[in-house]
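Turn these sequences into a full structure, and let the hints steer you where they fit.
In case you want the letters, here they are:
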Amino acid sequence: MSTSLILLIVALIGIVGYVAGARRAMALAGGLSSKLHSRPGYYGSFIALWAIVPALLILAVWLVASPIYINSSVRSGFPEEVKALSEAEQGLNFGMVSSLARGMNVLSLEEIERVGSNPAELRAALGAKGVPLAGEPQPFMVEAAGELNTMTALSRTAMTIVVLAASLAGALLAFRQIAPRFRARNRVEKVILASLVVASSIAILTTIGIVLSMLTEAGHFFARVPAWEFFFGTVWDPRFAAAGATDSEGQFGLIPLLLGTLYIGLVAMLVAVPVGLFSAIYMSEYASPKVRSIAKPLLEVLAGIPTIVYGFFALTVVGPFLRDLSSQVNGLLTGDYMNFIQAQSVLTAGFVMGIMLIPYVSSLSDDIITAVPRALCDGSLGLGATRSETVKRVTLPAALPGIVGAILMTASRAIGETMIVVLAAGVAARIQFDPFEPMTTVTVKIVSQLTGDLEFTSPQTLVAFALGITLFAITLCLNIYALYIVRKYREQYE
Amino acid sequence: MNMMSEAAVEKALDQKMSDVSHKMIGKDVSVYYGEKRALFDVNLNVRENTVTALIGPSGCGKSTFLRCLNRMNDTIENCRVTGKITLDTDDIYDPQIDVVELRARVGMVFQKPNPFPKSIYENIAYGPRIHGLARNKADMDQIVEASLQRAGLWTEVKDRLHESGTGLSGGQQQRLCIARAVAVSPEVILMDEPCSALDPIATAKVEELIHELRANYTIVIVTHSMQQAARVSQRTAMFHLGQLVEENDTDKMFTNPDDQRTQDYIMGRFG
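Chain order of the listed sequences is F and D. Residues 1 to 494 in full-length UniProt numbering are what the first sequence spells out, letter by letter. Residues 1 to 271 in full-length UniProt numbering are what the second sequence spells out, letter by letter.
It is worth saying that the hints were derived from the structure and are not from the lab. Ideal Cβ positions, reconstructed from N, Cα and C, are used throughout, including at glycine. Check before you lean on any hint, since a few could be wrong.
What the hints assert, rightly or not - Computed list of lysine-lysine pairs in DSS-like fashion (alpha-carbon distance at most 27 Å, straight line):
id: 1; chain 1: D; residue 1: K112; chain 2: D; residue 2: K36
id: 2; chain 1: D; residue 1: K84; chain 2: D; residue 2: K27
id: 3; chain 1: D; residue 1: K118; chain 2: F; residue 2: K488
id: 4; chain 1: D; residue 1: K205; chain 2: D; residue 2: K118
id: 5; chain 1: D; residue 1: K118; chain 2: F; residue 2: K392
id: 6; chain 1: D; residue 1: K112; chain 2: F; residue 2: K392
id: 7; chain 1: F; residue 1: K35; chain 2: F; residue 2: K129
id: 8; chain 1: D; residue 1: K27; chain 2: D; residue 2: K252
id: 9; chain 1: D; residue 1: K112; chain 2: D; residue 2: K205
id: 10; chain 1: F; residue 1: K290; chain 2: D; residue 2: K36
id: 11; chain 1: F; residue 1: K488; chain 2: D; residue 2: K137
id: 12; chain 1: D; residue 1: K36; chain 2: D; residue 2: K84
id: 13; chain 1: D; residue 1: K205; chain 2: D; residue 2: K158
id: 14; chain 1: D; residue 1: K118; chain 2: D; residue 2: K158
id: 15; chain 1: F; residue 1: K392; chain 2: D; residue 2: K27
Stated by the list, open to error - One side only, chain D facing chain F, incomplete, derived with CB under 10 Å:
id: 16; residue: T75
id: 17; residue: F110
id: 18; residue: P113
id: 19; residue: G127
id: 20; residue: R129
id: 21; residue: M226
id: 22; residue: A230
Claimed, not checked - Partial pick of chain D residues on the chain F-facing surface, computed with a CB cut under 10 Å:
id: 23; residue: R105
id: 24; residue: K118
id: 25; residue: I130
id: 26; residue: A181
id: 27; residue: A183
Given below as structure tokens:
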């Protein structure tokens with residue numbers, strides 16, 4: 001029986017259980033639902049949950065566990081000379097076996113009997129049915145494939161019986177528990193609580209998983225390249241050409257990338273913070289509700305633009321504009337029309353990234369400024385302070401910790417930004433402090449290290465994970481610090 | 001003889017006029033919140049160096065009227081005020097009038113104590129600093145001390161002037177706010193239910209303070225407590241449904257009011 005059919009039957013048992021449970025509860029209460037501890041629907045849900053949840057859990061475990069068990073038992077039946085091969089080659093052999101097994105399901109019985117003894121014919125017959133085989137199947141493979149098919153079929157039948165039995169048993173057991181004073185509502189709500197807990201732990205577990213996978217890969221990298229060479233190296237030269245050659249490992253200095261990241265981030269923050277903060281002050285303190293209701297969503301639309309689009313904007317508009325502007329300025333001043341701003345530069349990337357970040361700063365700060373109690377502003381206005389004096393001396397100081405938190409969160413976005421930098425600042429990793437020259441960032445290098453057809457074991461590729469974990473650590477620290485500040489500020493007023 | 005008597009009458013009238021010199025005069029004051037009308041042609045005068053209590057059931061417009069007196073209603077969207085209110089001789093809704101200057105002359109204390117999240121000293125110095133009332137640090141120290149003394153808070157906080165104002169107890173915070181209002185030397189102080197968030201002991205202290213402040217300031221206080229109005233005020237005005245029902249000497253108001261509605265409200269029959 002196919003998995004989806006099993007699911008359907010379990011669902012049906014659940015629905016029948018629900019209806020039966022609700023009816024039974026009403027009947028026990030003599031038709032007066034006020035005599036029941038819980039509403040009839042809760043009794044129904046209780047039965048449905050018992051019918052569905054354990055059965056699904058068994059199904060899930062079975063689906064995961066049975067292929068693993070079958071694989072290992074089929075592999076243990078391989079001849080000794082195959083077992084002596086390396087893990088990867090055993091895997092290849094098993095791959096053949098499983099394609100064979102799949103192919104034999106497609107063939108009819110007569111066909112199998114006809115070609116079963118002749119591997120070459122078998123391959124041709126399977127090819128004709130659309131199941132290509134990588135090589136000539138060996139006799140032991142055909143045997144193993146047959147065994148695989150038998151075991152799979154057996155496992156499936158057993159699974160169907162066990163799951164459906166579990167579902168029915170769950171429903172019956174739950175049904176027998178129903179009594180007017182039975183606390184069905186509390187039980188059902190416990191299950192709901194559990195599902196909420198599961199949902200929220202998925203996000204946390206995923207984060208942990210990401211960190212662990214990056215740590216493992218970064219560990220492989222640090223086994224090849226010493227950590228101090230990575231963290232304190234001043235030259236970024238991964239030597240793609242020499243990848244695989246044993247004598248030259250390339251140089252993986254983090255410093256030029258980190259400096260580029262921080263420099264571009266700094267320029268972006270210099271643009272985003274004043275503009276965003278001033279617009280937040282205008283929105284929250286001066287704008288009439290009408291202006292606010294139009295301007296605020298418009299500003300937030302900026303946050304919805306994909307960063308690659310900002311990258312186009314930088315590449316085709318801002319970069320050339322700054323380059324031409326600089327050459328005009330230079331011409332006016334010295335008579336030499338040589339541009340001193342490159343089209344791809346720290347300034348271009350920082351400026352465009354700053355524009356991208358404006359809505360984050362302004363939206364977060366706006367919320368924080370609006371959260372300052374109105375009584376405080378009234379107190380200041382009541383003393384004869386003007387609006388701007390009130391903003392400057394009362395509202396902003398009160399909101400400052402929250403605003404700092406907002407800025408730090410924005411900074412961690414700036415550090416993680418990739419697409420704008422690729423298009424606007426280039427990919428040249430170097431240490432220099434001229435904002436008019438190209439530079440590059442950690443994220444850009446992660447992308448360029450991973451997009452290529454290098455094997456996954458070379459330091460050229462593995463370095464991406466070391467870069468990733470470094471970036472992750474930086475933004476994590478920034479975010480934690482920002483949250484800490486924001487929380488501390490909240491305590492002041494609540 | 002006749003002339004003499006006329007002169008005597010005039011003198012008597014003068015006497016009476018100076019007795020009841022009006023600090024603020026409200027004439028046909030109406031307030032609209034958008035389409036909704038909250039005050040209907042209120043004519044109410046505030047006597048100098050007197051505590052005037054505004055009483056009435058919730059939503060009757062007493063706080064709205066109070067907030068008209070220093071134009072705090074300006075900070076509310078869609079709020080419109082018609083009629084005329086004068087402070088001494090100045091029309092406070094005259095476009096020529098600087099609302100900032102007006103609020104320096106007519107200070108306000110709010111329902112909930114709202115000290116700034118700054119030190120006690122900075123809370124008091126805030127107003128004088130904005131209005132440039134102190135020439136130097138010594139001047140400012142003096143203003144802070146005098147204001148705190150006026151508010152009866154000096155002995156309690158003089159050793160911790162540089163601790164946060166939000167760390168004081170509720171009653172102390174409210175007296176700090178009164179000191180803060182006093183520090184800019186206003187002529188009138190408006191109080192919007194200043195004791196509603198305080199316990200009885202703190203309330204008694206604030207009421208005592210209002211008594212003392214009366215010598216130097218004109219005070220208008222909104223209160224829900226009949227006893228408080230009787231205790232602290234000399235004049236009482238009763239509002240109902242946006243209208244001024246009656247305005248009278250407090251003693252008369254609480255013993256023999258002119259209007260039946262006042263009688264009913266004071267006896268607790270409605271509101």
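Index of numbered hints that the structure contradicts, given in increasing order: Numbers 7, 11, 15, 21 and 22 - these are the hints that the structure violates, sorted from lowest upward.
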